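Taken in order, these protein sequences are the chains called V and S. Going by my numbering, the first sequence runs without a break in its numbering and finishes at 195. Going by my numbering, the second sequence runs without a break in its numbering and finishes at 195.
Incorrect hints may appear among the rest.
Each pair may be met inside one copy or between any two copies, as identical chains are not told apart.
To be verified - Here are the computed lysine to any residue pairs in the SDA-like style, where the Cα-Cα straight-line distance is at most 20 Å:
1. 88 <-> 102
2. 173 <-> 136
3. 88 <-> 37
4. 107 <-> 87
5. 88 <-> 101
6. 88 <-> 170
7. 107 <-> 180
8. 88 <-> 104
9. 55 <-> 166
10. 173 <-> 113
11. 51 <-> 164
12. 107 <-> 151
13. 173 <-> 39
14. 51 <-> 180
15. 107 <-> 176
16. 173 <-> 52
17. 107 <-> 189
18. 55 <-> 69
19. 56 <-> 40
20. 55 <-> 104
21. 107 <-> 85
22. 107 <-> 190
Calculated from the structure, these hints are not laboratory results. Computed from a prediction, not measured in an experiment: that's the story for all the values here.
Chain residues, written in single-letter form:
Protein chains: 2
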Amino acid sequence: MSVNVLSDHLGMSTAILEAKQSRKKGGIPIGSAIVYHGDSAVGPQVLGSGHNQRIQKSSAILHGEIAALDSAGRQKPEAYRNSTIYTTLSPCSMCTGAILLYRIPRVVIGESRNFRGDEDLLRSRGVEVVVLDNNECYELMKEFIETHPEEWNEDIGETVAPPS
Amino acid sequence: MSVNVLSDHLGMSTAILEAKQSRKKGGIPIGSAIVYHGDSAVGPQVLGSGHNQRIQKSSAILHGEIAALDSAGRQKPEAYRNSTIYTTLSPCSMCTGAILLYRIPRVVIGESRNFRGDEDLLRSRGVEVVVLDNNECYELMKEFIETHPEEWNEDIGETVAPPS
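Chain V on its own, in the form it takes in the complex (with noise of 0.2 Å):
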């Protein structure tokens, strides 16, 4: 199998198993994972993984993708340049900017239906965007929004329109 797709795998079992645990915790249900592919003789590495903490911490920057990068601690540069960024969601601009920040060359993205990021931002600076559109994610997405929807409107800075 070719490292992507050895990557692939570890990388977005571990960001939907990162959103699983913190839906099971009341939390917003977005994972994410960091694998690092630099080393052909050990194979790809998972340097980091996290998931949303708006609930659990009531933090207001720990998406998923920002608490994987935090878990992996102090990486050297060149760590991120080779290394693919999983994300069980769209990312929001703040991870899009963090992504963009670290030269993280390639992000593979669970879902992009129930929310779409800045996908278009991270393509136009030669980043590859790949998104599976898997169910799962979908539908652990789709199930939160339905029943927190002030939560996820809080989670990605949208104010609420009166009804009209």
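Fit chain S to the given chain V structure using the hints.
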């Protein structure tokens, strides 16, 4: 005095204090503050402030602006839309993305000479960007970059070219 003048004094002095506190602890001297000015009866209020924590907390995500957002905790989307964010140094792509996520409409930057972030992206999305070219911010950052080039490059995801 106008709301902006009061808010700017409060916000930038808080951001500079944060940057100096970071430097005293051996950290990267970048500070930030978020000032809410949506309540004219009360006047400008600091929602949160923070500084870069790469060295102190081995953090890849706690840039000044992200630390300030973190310190503000969970806020209603409306709060950010009536706030200004202050930062001693031009915001990187990640911090730019965070400002866009929360639709903070105004960014006041201490200086952009040592590092120029994604100011053009902010402006292109309708954010008001004010660059003060404050000499205290400039000197604080210049000293750090000169004495800690490796940590600085790590903070902005830069690889260092091998000597030619």
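Against the structure, test the hints numbered earlier, and report the numbers of the ones violated in rising order. When the structure is compared with the hints, numbers 2, 3, 6, 10, 12, 13, 18, 19, 20 turn out to be violated.
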